[in-house]
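Trainee: These are the residues of each chain, in order.
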Amino acid sequence: MKKYVYIATLLILFTMALAQQVEVASILRDGGFSPSEQKVIFAIFDDAIEKGLSLEDLLSILKENRLKKNSYFETVEALVNHVKIQMAVKENQFPYWSDKNIRRIGYYLAQFYTFNQFSQITGELKEKGVKKQDIENIFQFVLFLNSAGINPDDSFSLVYLLLKNKEVEPEGLNAIKRLILRSKDLKLSQKQIVLDICRHLIKGIPLRRIVVDIEKKAQME
Amino acid sequence: MTKLFIRIMLLVAFFAFSEFIFSLDNIFLKAGFGVGYDSNLLFSFPQYNTELYLIKFGGYGKLGSDGVQFIAHVNSDSEVYNVYYNIKAGLGGDIVLQPTDEVYIQGGISYLYMMDISETLLGNIEYRQDIGEYFTFKSLYGIENSTGINGVTNESFLLNSFSAGVEFDLTSLIEAEVNLNDTFISYSRIFVDGKGLNNNGLKALLLLTFTPDYNCSIRIGGGYSYYDTFHTNLCIFSDTNSIYLYNTANQYRFLASLNYEWSPNFKTTLSAETSLVSLVYHPVTEEVYNFMIQADYYFNSSWKIEIPLFYTLKNSTLLASFDRWRVATVVYYLF
Numbered sequence: 006m007k008k009y010v011y012i013a014t015l016l017i018l019f020t021m022a023l024a025q026q027v028e029v030a031s032i033l034r035d036g037g038f039s040p041s042e043q044k045v046i047f048a049i050f051d052d053a054i055e056k057g058l059s060l061e062d063l064l065s066i067l068k069e070n071r072l073k074k075n076s077y078f079e080t081v082e083a084l085v086n087h088v089k090i091q092m093a094v095k096e097n098q099f100p101y102w103s104d105k106n107i108r109r110i111g112y113y114l115a116q117f118y119t120f121n122q123f124s125q126i127t128g129e130l131k132e133k134g135v136k137k138q139d140i141e142n143i144f145q146f147v148l149f150l151n152s153a154g155i156n157p158d159d160s161f162s163l164v165y166l167l168l169k170n171k172e173v174e175p176e177g178l179n180a181i182k183r184l185i186l187r188s189k190d191l192k193l194s195q196k197q198i199v200l201d202i203c204r205h206l207i208k209g210i211p212l213r214r215i216v217v218d219i220e221k222k223a224q225m226e
Numbered sequence: 008m009t010k011l012f013i014r015i016m017l018l019v020a021f022f023a024f025s026e027f028i029f030s031l032d033n034i035f036l037k038a039g040f041g042v043g044y045d046s047n048l049l050f051s052f053p054q055y056n057t058e059l060y061l062i063k064f065g066g067y068g069k070l071g072s073d074g075v076q077f078i079a080h081v082n083s084d085s086e087v088y089n090v091y092y093n094i095k096a097g098l099g100g101d102i103v104l105q106p107t108d109e110v111y112i113q114g115g116i117s118y119l120y121m122m123d124i125s126e127t128l129l130g131n132i133e134y135r136q137d138i139g140e141y142f143t144f145k146s147l148y149g150i151e152n153s154t155g156i157n158g159v160t161n162e163s164f165l166l167n168s169f170s171a172g173v174e175f176d177l178t179s180l181i182e183a184e185v186n187l188n189d190t191f192i193s194y195s196r197i198f199v200d201g202k203g204l205n206n207n208g209l210k211a212l213l214l215l216t217f218t219p220d221y222n223c224s225i226r227i228g229g230g231y232s233y234y235d236t237f238h239t240n241l242c243i244f245s246d247t248n249s250i251y252l253y254n255t256a257n258q259y260r261f262l263a264s265l266n267y268e269w270s271p272n273f274k275t276t277l278s279a280e281t282s283l284v285s286l287v288y289h290p291v292t293e294e295v296y297n298f299m300i301q302a303d304y305y306f307n308s309s310w311k312i313e314i315p316l317f318y319t320l321k322n323s324t325l326l327a328s329f330d331r332w333r334v335a336t337v338v339y340y341l342f
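Top to bottom, those sequences are chains F and U. So for the first sequence, this note's numbering puts the first residue at 6; every next one is plus one. So for the second sequence, this note's numbering puts the first residue at 8; every next one is plus one.
One chain only, chain U, in its complex shape (with noise of 0.2 Å):
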């Protein structure tokens, strides 16, 4: 009872904010129906799959000047399986700053919804600066609170987020980005010995972008993170991608992709990405590869549609591998 009374509650306030940001000066909304199929929704093994049906909405209103700016936002997600629905959706504000045209201040705060998994509320606060013609310096700092489940167990955590990188020109055809993050979990929910378990990554990525021509553009990029479980005797047999958030582990990621525009109305995005994890104390890898492929067209500035394919494979030490692949077609009512 107490679940549906939130629930409603939920669509109350989701739609009194839709209203909210259909009085804002400066106003986007998107819409969107699509239909697909997904070759193995849970993404275990037995596979299970699906026809998809997906309505999409998104608000988004701005309010101010160039010099300070606020936003508001709400986007919700919902897929309806054959024998099953899941929604997604989430509203929140942020004030944009930007005191003179080299700085850019974002600060915001965010509510996130899934049904039936998880509840979580975000904030941030972002800082960027150019430096001279060619060279950004940005930072970050997120806070997450999230309640729910995650892979196998019910989990309620803190996340606090750091991250701070350089953009630069290395040629005026190639653009740099470097990255570093720390991110530190403590879960309230697990714990081994008597001990709430946390966990620290660090993180790397290098992130080089070409932009050889104003209808193409190619990313390569590689990263790399550290795990460290405070508490390293803990090994759960997750068949999410979570598996190193509960060990230390090693984790290197490399990534392409390649954006192509073949008239104003058509582009197209292709990306590959790999995942390798492997924990220091136990004898377990985890690899991960996703493949996606995008088309998007646009038939006037109201109309669009999207076509998106991905397609990703897991091995794993522990489990059996198993791929998954999803295509839909997506049109959009922009207005």
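This is chain F alone, in the form it adopts within the complex (with noise of 0.2 Å):
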């Protein structure tokens, strides 16, 4: 009798596995992509389930990107970008995770750096022990500076190191907010005036010190 249970359970998972494989196929099939491009996709989805990503999220994705008629290029950049987002925040446990607004702000950051950058802000909030609010402001200061046309990479030396140094009130931001929208006054390029921020948090300068020191400087020329 256990036997036959056992049977119908491989069965049935067996059915159902295979109905994934059917849907997945028969999109990818639609979709116009070769055998060996639905090979790439049938992994990324092996993967993704292994990690224990939902497989509907996934499928909506490769559905979305059919619909938009999107290339094999940017169906699979998709779905790893949401592969690497969901990872990134599993992994890292993102703090305050239960706040739907938080959450939010943590997909983006995900998206926006690259996993090592994501994992190092993460441990610095979590060790730093950063408010709700802080964490608000600091996602405002990254989309301020991303507009600013700040790369990423930029962007992420700067928070990273205003976390490590505990300089995340407001009013700092407010003040690197300041120097990058006036860097012509100041006859500076905004890419200047972070990575001058950024040399001088390193050496552990305080945060005033160096807004102080950089708008006399501008003065001073």
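It is worth saying that the hints were derived from the structure and are not from the lab. Honestly, I wouldn't trust all of these hints.
If the Cβ cut is set under 8 Å, some of the chain U residues that face chain F in the computed set are [claimed, not checked]: (1) 33; (2) 35; (3) 218; (4) 220; (5) 222; (6) 310; (7) 311.
Just so you know, even glycine gets a beta-carbon here, dropped at the ideal spot from N, CA and C.
Bring the two chains, given one by one in their own frames, into a single complex with the hints.
Mentor: Here's what the structure looks like:
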């Protein structure tokens, strides 16, 4: 009797797996992907499911890409990105995860920065016990840097060093925004301002002093 | 005719130099247009008031790395009044050397032209060194050769100026700056008893900058200057502030300013300054009070508006006291 239960269970599981495979395969075929391309996508699915990610999310991404008639590369990028973000937030245990807004921020940061960068930022957030409100401020700050055209690597260096030096009060972040917004008036490029601040933060110089020095030096020239 | 020729040549040089700046690595340009009002344009009595139209242009280019930098700059400042206009323009170049993080050396030369007023050639060399974390030593030498009118006379002078000073942190919030300066001016067109006029000014200035927060800084300062003129019997009835340059005089200065940042886009600056001059060999005193309020608003990183308001009051034993105020709104495009 037990034997039959095992066989039945196995059969059901096999059919389910097959059904998934069939569903993925049908979407892939309709998407006009070549067999070798399909193999890669299957591999991504297998890997993701092994890591415990939801199949439904992956399927919906695949369907969405097909509807948009996205290319193979765009589709793979979307899938890998999804896996990366999910794994990043899962493995790093982003703080205050139960808060809906914080979750949104976590997902954004995981997408914006590389896996390593995101891990380091999350590590600092947890280690320094950064408050919920401060995380929201940092998020706004990252958005500002992004819209000002600061590349993700420079943005990461700045945010990471600010966290490491515990310089996350909104007044300080506003002062950096002010420098970047007025960069042309200070006769400095925005990148140069970010790198200047980083260079001094590494030495452990207080942010307040860095801001005063940059403004003073700009007046001098 | 030659005057016109010189002006055209200057204009050509100005644009050629601007072109050169355009070709550099890091270029910052600022162009502005503004309107305003001045209650006493010539800063004299009787008063002549006028509307103002301001046209401003500045160019700044950098070439090189952090260790060695070449800087070229031009600027022009034109003002159109009811019945007159005035152009100031300057161009120059600097070399900045930063052999280590602690040392800053700058050398530069520039030329300044003020239409119908003066032409000046300036040179300067500056040395700054950080000693430890909270102490900065600085010294400056400047030389200036100018020809033109100033106040009531035609002048040519050669000016040599030496400064030395220190900046240090009194506390984490208060920075102090002490500056000593000696300025020696020799005039080549003013003669007293067949001898050229020389003036040596010794100045000391103490400044305290209090930065209680990221968005606020307060500066107060005071200074004393002693002007020693080699021929003391000369007293020019000048209606400019330079009366003491021709006489042996004591001058006391007090200044205070407040800079407040309301947001990353908006700041205001408030400043006040008093200068008290008394001649040593003549019963003449002069007091000048300056007030300034300025609002700066950044719409974005390219557009900016500045609204400065100046007020000056002068009391003098030589002339009736008079005042002047000037307000303007200038819109800048930064690129």
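Trainee: Next, verify each hint and record whether it holds.
Mentor: Hint by hint, here is what the structure shows:
no., hint, in the structure
1, 33, "holds, 6 Å"
2, 35, "holds, 5 Å"
3, 218, "holds, 6 Å"
4, 220, "holds, 6 Å"
5, 222, "holds, 6 Å"
6, 310, "violated, 10 Å"
7, 311, "holds, 7 Å"
When held up to the earlier numbered hints, the structure conflicts with hint 6 and nothing else.
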